[in-house]
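Trainee: Take a look at the letters that make up each chain.
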Amino acid sequence: MDIPAALAAAARGDQTAWDALVRQFSGLLWSVARAHRLSDADAADAVQCTWIKLVEHLDRIAEPERLAGWLATTARHECLQLIRRSGRLPEPAEIDDSADPAPPVDHALLVGERDAALWRVFEGLPDRCRRLLRVLMASPPPAYAEVAAALDMPVGSIGPIRQRCLNRLRALVSGEPVLEERS
Amino acid sequence: MSEDDDFLAELRAAADRFDPVPAGVLRDASAALALRALDEELAVLVENEAALVRGDDGPLLLAFESERVTLNLEISGDTVRGLVTGAVGEVVVETPRSRRSTPVVDGWFTVTDVPSGLVRVRVTATDGTVVVTQWARF
Chain W
25 MDIPAALAAA ARGDQTAWDA LVRQFSGLLW SVARAHRLSD ADAADAVQCT WIKLVEHLDR
85 IAEPERLAGW LATTARHECL QLIRRSGRLP EPAEIDDSAD PAPPVDHALL VGERDAALWR
145 VFEGLPDRCR RLLRVLMASP PPAYAEVAAA LDMPVGSIGP IRQRCLNRLR ALVSGEPVLE
205 ERS
Chain Y
2 MSEDDDFLAE LRAAADRFDP VPAGVLRDAS AALALRALDE ELAVLVENEA ALVRGDDGPL
62 LLAFESERVT LNLEISGDTV RGLVTGAVGE VVVETPRSRR STPVVDGWFT VTDVPSGLVR
122 VRVTATDGTV VVTQWARF
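Sequences listed follow chains W and Y, in order.
For what it's worth, the numbering used here labels the leading residue of the first sequence as 25, then goes sequentially.
For what it's worth, the numbering used here labels the leading residue of the second sequence as 2, then goes sequentially.
By construction, these hints were calculated from the structure, which means they are not laboratory data.
All values reported here derive from a predicted model rather than from experimental measurement.
Glycine included, C-beta positions come from ideal geometry on N, C-alpha and C.
You may find that some hints are simply not true.
Cβ-Cβ distance ranges computed for the label pairs, FRET-style [what the hints assert, rightly or not]:
(1) W:GLY37 <-> Y:THR113: 22 to 28 Å
(2) W:HIS81 <-> Y:GLY108: 28 to 34 Å
(3) W:SER110 <-> Y:LEU36: 23 to 29 Å
Chain Y is faced by these chain W residues, among others (derived, beta-carbon under 10 Å) [claimed, not checked]:
(4) VAL46
(5) SER50
(6) ARG90
(7) THR97
(8) ALA140
(9) ARG152
(10) MET161
(11) LEU196
(12) SER198
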């Protein structure tokens, strides 16, 4: 996708070009919001505000080829503002009691759903790992520069932490028979 | 490394299934382009006292300026109160999903029941130019 061209077209009011940008980056923005543990409503709010900020800056994006990084940074700011407004701490406790939809493992076992069990185990990861992996799980896969912008982390730290977190998840998976036997 | 990539791809598939981008979020994103202020003069945020004086429950004080008008907003709960100079007629208080017109009396206007999120204000300068503020979060 030619992002600078799509941006320029959107700045001229081209809805088709705009919709192409929306398709390309909504997965990243949603993942950034979820990485900050926002609820459905707050995550939707953060993503929409990010797009509105882009509309406001359409002809003022300094480096159009780095739009994804700009969007990730803007989304992070929106998430932090929402967290501040609701009085929550930006780094919540490691135990997740939010309402993320995740079918229980028992259900997963019943229907033989590996994905459901994997998702459940993922939700139980320590926050630092859950945050990073949630952004890396965006569709389409984000570049490390965008992940760094989304989480305010040094680009160089992402590879090593990713590896540690995936190993940690593997260790948790090994405690789940339905996952272990096939991984 | 590629083993990690495979594992991450598996996780991505799980995320696509259990936490996909809601359709409404995509619709709102698509509709956002129509919120663009094309012909209006932009009133830029010049002062935001939120960080300095706002307690958790205090009002949010914002000041906007354009070539033709100045706008001071005081946002408290769901109420937006404003003082405008250099404008005539009604003001329009906009959120991404709503628009409300309200009269200006001696430079002041008040709108209640504004849904939290983003807000901007549209006014008409004395020479007829439409001026709109930047979006502000409250």
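Trainee: Enumerate the violated hints, using their earlier numbering and listing them in ascending order.
Mentor: 1, 6, 7, 9, 11 and 12
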